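Produce the complete structure using the sequences and hints provided.
For the protein sequence lines, the chains are A and B, in the order given.
FYI, in this note's numbering the residues of the first sequence are 1 to 302.
FYI, in this note's numbering the residues of the second sequence are 303 to 671.
No lab work stands behind these hints: they were computed from the structure.
Here the structure is a predicted model, which means the values were calculated and not measured.
Glycine included, C-beta positions come from ideal geometry on N, C-alpha and C.
Take the hints with a grain of salt, since some may be wrong.
Dumping the calculated DSS-like pairs for lysine-lysine here, alpha-carbon to alpha-carbon at most 30 Å [to be verified]:
1. K528/B / K658/B
2. K658/B / K185/A
3. K447/B / K528/B
4. K528/B / K185/A
Computed list of chain B residues with no C-beta within reach of chain A, every gap over 10 Å [stated by the list, open to error]:
5. L517
6. N541
7. E655
Given next are the chains, with one letter for each unit.
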Amino acid sequence: MSVINDIELITASAVRLAMPLAFAALGEWIAERAGTLNISVEAMMLGGAFTAVMGAAATGSASAGVVCGVAAGALIAFVHACFSHRLTVNTYVVGLTLNVLVLGLTSFLLVKTESRQVDKLTIPYLSDIPILGPALFDQRWPAYLLFGLIPLGWWLVHRSRWGLEARAAGENPQSADVTGIDVNKRRRQALLICGALAGLGGAYLSVAAVGTFNSNMTAGRGYIVIAAVIFGGWTLRGTIAGCLLFGAADATRLALPALGFELNPELLIASPYLLALIAMIFFAKSHRGPAALGAPFVRGIT
Amino acid sequence: MSAPTTRLPAVFTPARLSALLLYAVSFVVALVLATALVTVTGHSMSDTLLALYQGSLDGGASIGQSLDEATPLLLVAVGAIVCAMAGLFNIGQEGQLLIGAMAGAAVGLFVPGPAWLVLPLTLVGAAVGGALWAGIPAVLFYWRKVDVVISTLLMVFLAQQVASYAINTPSLLQETVEKGQVASPQSDLLPDAVQLPRLGEYPDLTFGYGVFIALAVTVVLAVLLKYTRWGFRLRMLGNNPVAARRAGVRAVVFGGGALLLSGAGAGLAGGVILTSTSFRFQPGISDNVGWDGLLVALVARNHPLAAIPIAVFFGMLRAGGGFLASTGVPRYLVSVVTALLVLAAVFPAAYAEVRKRRRPATAPAGATA
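Put into structure tokens, the structure is as follows:
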């Protein structure tokens, strides 16, 4: 019985840790399919987490904080989009700078706030399912947004006209441009969606999972998100699977000492990056990124 | 298109002037934003500026501190520039620096020999360590076409865990302590002989010899890039890989070599930090020098010599940041200011480019009228 309990506990913890990653990874996946390798997803998550806590403290409602977090993520995405897809500054330059900027800004403005968390929503009956029930149906309410957002994101990218145009902008911007698609506009829009979702992920981390904000709270989760998209071979199901896997690795790292197992913690922390690299090395055929990933689009020859 | 009535020197053409004006405006905007940030949080901007000045320029010790901070930044930046010139974008300097420092510490602690030999070996070991760490993405790129940006970025986080493993394992780099004491996650102190000598006496101007290493590396690479066949081929590869291949430039040799060199620069920066300021290997030894050095390269717009003053300026900001704490302003202000300055530095050129691209649409209309 205790084994079942342990598994239940680790599963619940894995899903809880994967949740913020999954929100941001969904956004990052959309942005990458449109051709932006968005490094500033770390900044977006951190900004979202910070603003959510500040918004919650200012309005007195954690749910309003979530909305603030989404707005902050979108604002950072707007700055990034203006710099890299209106002006043609290299997207990595902008991303790195924004990461430095937001990390500095959130640490600079940090004030102690009382812990405020959004409400827990337990779905009756479903949450009683052994092992999976508590993990999936006994969460803070923003978590349930994910169940709607993932199909919505898939539909948007793979079934809507907008998604077709955005993917064209990511695969072959020159041809897309010739057929009359505003490549940089699609990329800006995809980036804004990414910002909003990453902000939501950050907000989930701060006002749903933890309740407060501390300096450099995301601690590289944005980079894990990038690794998840790569690990998933730029498919949505692979990306989400990557998030769950990396969440599980994190949960295992936290749980193992209590269970009495020895496993190198460094290896578990490094596993997302290692797995993403291995995926890129050994599945080069199936793991093909959008052809124009990270290349700025300028109309003209070449 | 009216010609100016009086001939001005070429420096003062309207285009140049508007570009200069644009630079001035964007820097002013960045500084206004920083001032607003300081004022809104209830601090005084003049106190902040005074603290930054005291920490970076006031007296020999502060100037020395600024130079010490600028040294690794310059080394990282020059490496990044070489790589960028070959058309590859290495953003993993933070990891290469960490691995370099680790390799340097291993050489400095475990290689027996006379002091005059071990110290250079430590620095060389650090450079080789960084180069090897950058070599992995190079191999992945030319073997499996794995994007360099992605792989170098991911390798940063692998490097952090490798370093963490090395200093938490007693048989590797973790410090040796007497029985009963708890060993911290850091390496032993380097022996005195393996510490880089310093120039000058303490209360007055004093800085490590690393400054000269960094300057020499920068100047040599600048000359090599500009005047030698190697530099020409490297730039050719970066500007037009297809033409370079037709001309017989082997991308693997030159591109891979540039990546190795950039890793060596970052590793050497780690070695210099190790032997001149920290003296032992710790996880926090990189302290964002890798990222900041990359920003120096970006602001310098791939001119090795331009990187020197910019590295010094960023070093001043970092040195001043240490002094900020005394005024109650969090030192994170420095990263905010740094980032704002970088954005201000990249904006004008990009804006001018957009303007230039829009112009052909209107110019023919003006010509026919």
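- Message: K658/B and K185/A were given as a pair; does the straight-line alpha-carbon distance stay at or below 30 Å?
- Response: At roughly 20 Å apart (the allowed maximum being 30 Å), K185/A and K658/B satisfy the hint.
* Asked: Between K528/B and K185/A, does the CA-CA distance stay at or below 30 Å?
  -> Answer violated: K528/B to K185/A is near 39 Å, above 30 Å.
Taken at face value, is the distance from the CA of K528/B to the CA of K447/B at most 30 Å?
Cα-Cα ~29 Å, so holds.
| Beyond 10 Å from each Cβ of chain A, as asserted for E655/B | Not fine: 7 Å to the nearest Cβ puts E655/B too close to chain A.
For a C-alpha distance cap of 30 Å, please report whether K528/B and K658/B respect it.
holds (28 Å)
Can we trust that N541/B is non-interface, i.e. its beta-carbon lies farther than 10 Å from all of chain A?
holds (12 Å)
Would you check whether the claim that L517/B is not at the interface survives, using Cβ distances to chain A and the 10 Å cut-off? holds (26 Å)
Consistency with the previously given hints fails for numbers 4 and 7, ordered from lowest to highest.
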